[in-house]
Amino acid sequence: KAGVTQTPRYLIKTRGQQVTLSCSPISGHRSVSWYQQTPGQGLQFLFEYFSETQRNKGNFPGRFSGRQFSNSRSEMNVSTLELGDSALYLCASSPGTGQYNEQFFGPGTRLTVL
Amino acid sequence: AQSVTQLDSQVPVFEEAPVELRCNYSSSVSVYLFWYVQYPNQGLQLLLKYLSGSTLVESINGFEAEFNKSQTSFHLRKPSVHISDTAEYFCAVIRGGGFQKLVFGTGTRLLVSP
Chain A
1 KAGVTQTPRY LIKTRGQQVT LSCSPISGHR SVSWYQQTPG QGLQFLFEYF SETQRNKGNF
61 PGRFSGRQFS NSRSEMNVST LELGDSALYL CASSPGTGQY NEQFFGPGTR LTVL
Chain B
1 AQSVTQLDSQ VPVFEEAPVE LRCNYSSSVS VYLFWYVQYP NQGLQLLLKY LSGSTLVESI
61 NGFEAEFNKS QTSFHLRKPS VHISDTAEYF CAVIRGGGFQ KLVFGTGTRL LVSP
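Residue numbers (the numbering used here), protein chains in the order written: chain A, 1 to 114; chain B, 1 to 114.
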């Protein structure tokens, strides 16, 4: 099975712009979660989508949004970029059902905001 | 709310020496515990997990961790490290029966030198 893929791998934007990141989960997985990794804040949960619905959300401003398509692929959007949004954005996929589902991470998209 | 504490931000060790990476968690409910490893410019890989049953869990590459409920700890150990073990290690928890949001510690960088 192919793993979780994220595109693009690297991205450079300037303040005020918006950006869209994409995540393709493992085939058959219906849940996609997004995490932000920064040196200062570490790994923080952004949101989770399951069957095209946002199921849970972390403590991030409304500039961070996402969606999931019928094929379970997910996109994350950040509007009005700030310098502090520079981070590695990781997505993780899992089956999404049951008591526990192992999450499989993609390689991440490194976003640099200038 | 759950939280995870990794007291050591960096652990230097010589090749073939033993190592212990410490992890303590706090939670008022039962949790599942994990160790993830992150190599440079890569995503997170699950190293091992404790869901239930035996409190000692092992990975395929020689790492082990022991769940200690009374001390709320889940320390990671390896009796003999290799240069290739150089990476960042994250301890994480998921609340049992709840939503699959991973709460991560701040990470420990393991530096193995010859």
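Please note that a few of the clues may not be correct.
Unchecked claim - Listed next, the stretches of chain A that the computed footprint assigns to chain B, with coverage defined by at least 3 CB atoms under 8 Å from CB atoms of chain B: (1) 31-41; (2) 80-86.
What the hints assert, rightly or not - Among chain A residues calculated to face chain B with C-beta under 8 Å, some are: (3) Thr14; (4) Gln18; (5) Phe45; (6) Leu90; (7) Gln103.
No lab work stands behind these hints, which were simulated from the structure alone.
We treat Cβ as the ideally placed atom computed from N, Cα and C, and that holds for glycine.
Evaluated hints:
no., hint, in the structure
1, 31-41, "holds (count 3)"
2, 80-86, "violated (count 0)"
3, Thr14, "violated (23 Å)"
4, Gln18, "violated (24 Å)"
5, Phe45, "holds (5 Å)"
6, Leu90, "holds (6 Å)"
7, Gln103, "holds (7 Å)"
Taken one by one, the earlier hints fail for this structure at numbers 2, 3 and 4, listed in ascending order.
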